[in-house]
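Chains as they are written, first to last, in my numbering: chain C, 1 to 485; chain E, 486 to 974.
Among the hints, erroneous ones may be present.
[To be verified] In silico EDC-like links for lysine to aspartate or glutamate, alpha-carbon gap of 20 angstroms or less: (1) E/973 with E/924; (2) C/233 with E/553; (3) E/838 with E/802; (4) E/595 with C/369; (5) E/780 with C/443; (6) E/670 with E/584; (7) C/325 with E/888; (8) E/704 with E/503; (9) C/22 with C/145; (10) E/730 with E/750; (11) E/704 with E/657; (12) E/655 with E/503; (13) C/232 with E/553; (14) C/38 with C/14; (15) E/552 with C/239; (16) E/838 with E/787; (17) C/262 with C/274; (18) C/325 with E/802; (19) E/628 with C/335; (20) C/472 with C/290; (21) E/578 with C/369; (22) E/833 with E/854; (23) E/837 with E/788; (24) E/719 with E/584; (25) C/325 with E/641; (26) E/973 with E/931; (27) C/325 with E/584; (28) C/56 with C/94; (29) C/353 with E/767; (30) E/928 with E/898; (31) E/552 with E/657; (32) E/855 with E/823.
Keep in mind that the hints were calculated from the coordinates and are not lab data.
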Amino acid sequence: MSEIVKKNLSEIIDLIKKKEIKSEELANLYIDKVNKSKKLNSYITTCFEHAIQKSKEFDKKPNLNSLLPGVPLAVKDLFCTNGFKTTAGSKMLENFIPQYESTVTENLWKEGAILLGKLNCDEYAMGSSNETSYFGSVVNPIAKDTVPGGSSGGSASALAADLTPATIGTDTGGSIRQPASFTGTVGLKPTYGLCSRWGIVAFASSLDQAGPMTKSVKDCSIMLEAMAGFDKKDSTSIEKKKENYSKNLKTDIKGLKIGIPKEYRVDNMPKEIDELWNKGKSILKDLGADIIDISLPHTKYALPTYYIVAPAEASSNLARYDGVKYGYRSSKGNDLIEMYENTRSEGFGDEVKRRILIGTYVLSSGYYDAYYLKAQKVRQLIKKDFDENFGKVDAILTPSTPSSAFKIGEKTNDPISMYLNDIFTVPVNLAGLPAISVPAGLDKKGYPLGLQLIGKTLDEQNILNVAYAFEKNCNFKNEIKNWWL
Amino acid sequence: MSKDKFDYFIKGEKNNYEVIIGLEVHAQVSSNSKLFSGSATKFGAEPNSQVSLIDSAFPGMLPVINKECINQAIRTGLGLNAKINNNSVFDRKNYFYADLPQGYQISQYKNPIVGEGKVLLDMPYGSKEIGIERLHLEQDAGKSIHDMDPSSTYVDLNRSGIALMEIVSKPDLRSPEEVNAYIKKLRTIMRYLGTCDGNMQEGSLRADVNVSVRQVGDKNFGTRCEIKNVNSIKFMQMAIEYEAKRQVELLDEGKKIEQETRLFDTKKNETRSMRSKEDAHDYRYFPDPDLLPLKIEQKLIDDLKKTLPELPDNKKERFMSDYGLNSYEANVLVSEKEISNYYEEVAKLSDKKLAATWMMGDLFAMLNDKGLNISKSPISAKNFAELIQSIKSGEISGRIAKEVFELMVESGDNPKKIIESKGMKQQSDPKELEKIINEILTKNKDKVDQYKSGKEKLFGFFVGQVMKQSGGKANPQLTNDILKKLLKG
């Protein structure tokens with residue numbers, strides 16, 4: 001097996017730029033490993049013919065000035081890709097082939113990247129373990145019986161297993177950061193509105209954000225630079241000029257104030273997580289940052305708030321999957337209503353149905369004020385907590401997850417314990433802030449754990465810098481042994 | 486028609502009832518593209534030929550507000566003397582139907598773009614103000630076609646996503662006549678503004694009609710029923726009459742009115758229950774997270790205000806004061822922008838009052854007969870003005886004018902040319918006329934004697950002879966004067 005696929009994205013870009021490897025060779029190396037890695041179940045669809053053809057075209061006329069020159073990339077199967085199946089991990093869209101390209105993937109292709117395949121994910125991005133996918137569970141390359149996290153579990157697994165040099169996911173409540181933490185990779189959820197949502201299968205519109213998942217912080221800055229940008233097709237997109245995150249990346253964080261929120265020390269949190277957090281603090285302190293204790297008093301309401309807002313929006317966003325226009329349609333039923341009932345009963349999995357039910361309930365007349373409206377008010381308070389503290393600190397450091405990767409099947413019958421996995425990540429989505437998860441260490445099982453850096457609105461550069469400095473001084477090493485080959 | 490007192494009451498067996506009506510008018514915004522997508526909005530296009538990925542709700546598609554539709558709603562609000570809300574919100578109204586691709590309609594629920602306003606109606610018993618509760622923007626749904634195939638339903642999404650303004654009145658209407666006047670007035674205002682073409686055949690204007698009844702003198706409203714989606718004024722009136730009678734009969738029998746949604750069956754001329762209050766949809770309204778709250782700068786409102794044309798109420802007043810028209814005439818002539826423009830053009834070049842009379846008489850009759858809009862009139866305003874001037878100056882008589890008018894309709898020619906070429910000019914030369922009259926009197930000496938001995942009825946006979954002799958061209962006034970003079974002598 002080639003060592004090249006193990007390399008970081010930035011190293012691969014260097015190889016291409018120095019003409020030490022051709023795009024087609026590179027594509028073939030990944031294709032070869034993907035073909036041998038079916039046990040991980042990280043790909044739903046492979047686009048190998050397309051990748052080879054595009055890489056040949058690139059090699060004939062290479063544009064080496066682009067950000068991702070001739071780099072093959074697989075993406076989460078929530079991004080609509082023109083001419084390639086986009087399933088959202090659901091039976092409902094099992095055979096759906098969009099005739100349009102999501103803005104974010106389009107941005108990647110414009111920067112020279114080449115679509116390699118579509119990566120498994122929880123159904124409609126609803127899950128924290130990638131076990132709700134209609135296409136089956138994804139395995140974490142860390143250990144064969146563990147989940148890669150979710151919902152961008154296929155992305156995290158493929159990345160950690162060197163089946164793509166970098167990837168993109170979506171993060172509604174932690175769906176990039178939690179799997180990044182579980183697989184020892186870097187994952188960034190940008191400020192809400194930095195990346196266009198156009199062409200991404202919607203889960204919860206006010207929370208969904210696409211973001212990069214990479215093997216290093218530098219890679220993360222390159223990917224973010226490529227995918228971000230104002231899009232007039234998305235009314236919630238932020239109008240601002242593009243930034244050169246990779247060029248401006250620096251390790252000097254002297255004098256930066258890093259907040260440590262006391263509310264993130266939760267009951268029953270494994271000691272290892274606490275130790276990891278302390279390790280993070282001392283590394284940043286050694287680099288010259290000021291560590292400041294802060295309080296985000298409404299943190300404890302974030303999870304219940306999230307599990308009202310997200311299902312509410314989802315219940316409405318998923319109404320379009322009704323069997324009328326595209327996607328799955330049940331052959332049973334004597335009238336329109338029966339067709340709807342059968343289509344949606346057969347086409348959606350249990351977790352999706354659970355959230356549609358919750359969402360429908362909290363929006364119902366008589367319950368709206370008590371649930372949805374109240375949740376929106378609490379959401380404002382959570383945002384206010386952050387706003388107030390960002391007067392005092394430049395970034396906030398927390399653990400990414402309350403545990404390391406768990407076993408496949410361990411939490412499937414206990415949705416609450418599954419939801420608790422998002423406890424450190426959801427406040428950030430509710431507040432619309434950027435946050436990055438960086439690998440910080442291994443637990444005693446040898447499973448990776450991540451730390452999360454939360455930044456101010458549109459302050460991606462700053463948290464990338466802190467993460468970059470941290471990464472350089474943390475000496476984290478992922479121990480993936482290619483056991484599945 | 487011209488009643489000077491309001492008298493629409495329904496007599497029950499025991500009591501006399503008053504009918505309370507409120508309308509929710511759905512007016513299609515005149516715009517080139519849909520409310521949240523770039524698709525075209527032309528009427529009558531091939532099914533599903535004006536449908537974008539957004540209109541058909543493909544995964545990952547997002548709505549982007551069409552600014553032109555916002556401007557149109559603001560203009561309409563200003564035309565209704567209404568408050569424009571600087572902050573409004575688009576909400577999702579969730580329900581499942583085959584012609585609703587998103588599974589929700591984007592509408593405005595708690596915070597509409599336009600707040601309270603008013604519309605003035607001219608009723609035979611005086612003017613009446615109808616309150617406007619609100620105006621909000623929303624998407625139209627597609628169309629389900631059930632009769633193309635015995636076993637399936639076809640869906641046409643051309644309408645899906647087209648911008649509608651829902652204009653909600655206060656329950657201020659009291660009769661089918663008032664409803665007629667209200668709809669027409671709304672339509673006139675929107676046509677003046679160019680915000681809705683008001684074409685009911687094409688579905689650009691539809692209404693949900695809320696009807697309740699109460700005993701005359703009662704202060705409280707009765708329970709109302711909503712009649713959904715009625716698409717002509719006539720049907721609205723029929724539905725109201727039926728529904729009011731139905732409710733009165735129930736009340737007279739001591740029964741209660743159930744709040745419900747009803748449908749008007751245009752074939753049977755009756756309303757029937759569609760769903761009861763218990764079965765009412767729970768639409769689960771919530772703010773659409775794909776759209777930011779709509780902020781409207783005061784400057785935009787002020788700028789749009791400056792672009793508003795003169796509206797019918799103001800124009801009517803001006804017509805009365807500038808052109809000396811009475812209220813009725815002014816009302817008719819401002820009822821459509823094109824009519825008022827035509828009239829003004831004519832009035833500038835000719836006698837204002839006579840022009841009004843002729844327009845409302847012969848011109849409208851002819852247009853009506855031919856089913857033409859005034860903008861397609863075979864007689865141009867300029868030619869029409871010349872015709873009026875020819876009458877006014879005595880060049881031709883009213884009777885000849887009618888002939889000239891007919892010829893103008895046929896040929897589109899200038900009236901002067903017709904009068905010249907056909908020699909239709911009125912004989913107004915007193916000497917010439919005296920000559921003719923003298924000849925006639927000489928020829929009919931016996932009748933002259935009878936006239937002089939008291940049979941004055943014969944005067945008409947002499948006039949007739951003069952007309953016959955002159956080929957109808959003798960100036961009637963002059964003929965009368967000369968005849969009287971000569972018969973006296």
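Cross-check of the supplied hints:
1. Simply put, residue 973 of chain E and residue 924 of chain E have alpha-carbon atoms about 16 angstroms apart, close enough for the 20 angstroms limit, and the pair holds.
2. Proximity of residue 233 of chain C to residue 553 of chain E is assessed by CA-CA distance (about 16 angstroms); at most 20 angstroms being required, the pair is judged to hold.
3. For the proposed pair residue 838 of chain E and residue 802 of chain E, the alpha carbon gap of about 15 angstroms is at most 20 angstroms, so the pair holds.
4. Straight-line distance between C-alpha atoms of residue 595 of chain E and residue 369 of chain C comes to about 13 angstroms, which keeps the hinted pair within the 20 angstroms bound.
5. With a CA separation close to 51 angstroms, the supplied pair residue 780 of chain E and residue 443 of chain C exceeds the 20 angstroms bound.
6. For the suggested pair residue 670 of chain E and residue 584 of chain E, the alpha carbons sit about 31 angstroms apart, so the restraint of at most 20 angstroms is broken.
7. For the proposed pair residue 325 of chain C and residue 888 of chain E, the alpha carbon gap of about 62 angstroms is over 20 angstroms, so the pair is violated.
8. This hinted pair checks out: residue 704 of chain E and residue 503 of chain E have alpha carbons roughly 11 angstroms apart, not beyond 20 angstroms.
9. Straight-line distance between C-alpha atoms of residue 22 of chain C and residue 145 of chain C comes to about 36 angstroms, which puts the hinted pair past the 20 angstroms bound.
10. Taken as a hint, the residue 730 of chain E and residue 750 of chain E pair is honoured in the structure, with Cα atoms around 16 angstroms apart against an allowance of 20 angstroms.
11. Only pairs whose Cα atoms come within 20 angstroms are accepted, and residue 704 of chain E paired with residue 657 of chain E is accepted, the gap being roughly 13 angstroms.
12. A distance of roughly 16 angstroms separates the Cα atoms of residue 655 of chain E and residue 503 of chain E; the hinted pair therefore holds under the 20 angstroms criterion.
13. For the hint linking residue 232 of chain C to residue 553 of chain E, the alpha-carbon distance of about 16 angstroms falls within 20 angstroms, and the restraint holds.
14. Distance hint between residue 38 of chain C and residue 14 of chain C is unfulfilled; the C-alpha atoms sit about 29 angstroms from each other, more than 20 angstroms.
15. The hinted pair formed by residue 552 of chain E and residue 239 of chain C meets the criterion: a straight-line CA distance of about 18 angstroms does not exceed 20 angstroms.
16. The suggested pairing of residue 838 of chain E with residue 787 of chain E is violated, with an alpha-carbon distance near 37 angstroms, which exceeds 20 angstroms.
17. For the given pair, residue 262 of chain C sits about 12 angstroms from residue 274 of chain C by alpha-carbon distance, which is consistent with the 20 angstroms threshold.
18. Proposed proximity of residue 325 of chain C and residue 802 of chain E is contradicted: the alpha carbons are some 54 angstroms apart, above 20 angstroms.
19. Using a Cα cut-off of 20 angstroms, the hinted pair residue 628 of chain E and residue 335 of chain C holds, with the two alpha carbons roughly 17 angstroms apart.
20. As the CA atoms of residue 472 of chain C and residue 290 of chain C are separated by approximately 18 angstroms, the hinted pair is consistent with the 20 angstroms bound.
21. Our distance criterion of 20 angstroms between C-alpha atoms is met by residue 578 of chain E and residue 369 of chain C, whose separation comes to about 16 angstroms.
22. Only pairs whose Cα atoms come within 20 angstroms are accepted, and residue 833 of chain E paired with residue 854 of chain E is rejected, the gap being roughly 27 angstroms.
23. Taking the CA atoms of residue 837 of chain E and residue 788 of chain E, the gap is near 34 angstroms; set against the 20 angstroms cutoff, the hint is violated.
24. Annotation: proposed proximity of residue 719 of chain E to residue 584 of chain E is violated, straight-line Cα distance about 27 angstroms (limit 20 angstroms).
25. Between the alpha carbons of residue 325 of chain C and residue 641 of chain E the distance comes to roughly 11 angstroms, so the proposed pair stays at or under 20 angstroms and holds.
26. Between the alpha carbons of residue 973 of chain E and residue 931 of chain E the distance comes to roughly 15 angstroms, so the proposed pair stays at or under 20 angstroms and holds.
27. This hinted pair checks out: residue 325 of chain C and residue 584 of chain E have alpha carbons roughly 10 angstroms apart, not beyond 20 angstroms.
28. Note on residue 56 of chain C and residue 94 of chain C: the hinted pairing is violated, with a Cα-Cα distance of about 30 angstroms set against a maximum of 20 angstroms.
29. For a cut-off of 20 angstroms, the pair hint linking residue 353 of chain C to residue 767 of chain E stands: about 19 angstroms separates their Cα positions.
30. For the proposed pair residue 928 of chain E and residue 898 of chain E, the alpha carbon gap of about 40 angstroms is over 20 angstroms, so the pair is violated.
31. Using a Cα cut-off of 20 angstroms, the hinted pair residue 552 of chain E and residue 657 of chain E is violated, with the two alpha carbons roughly 32 angstroms apart.
32. Taking the CA atoms of residue 855 of chain E and residue 823 of chain E, the gap is near 17 angstroms; set against the 20 angstroms cutoff, the hint holds.
Comparing the model with each numbered hint stated earlier shows that hints 5, 6, 7, 9, 14, 16, 18, 22, 23, 24, 28, 30, 31 do not hold.
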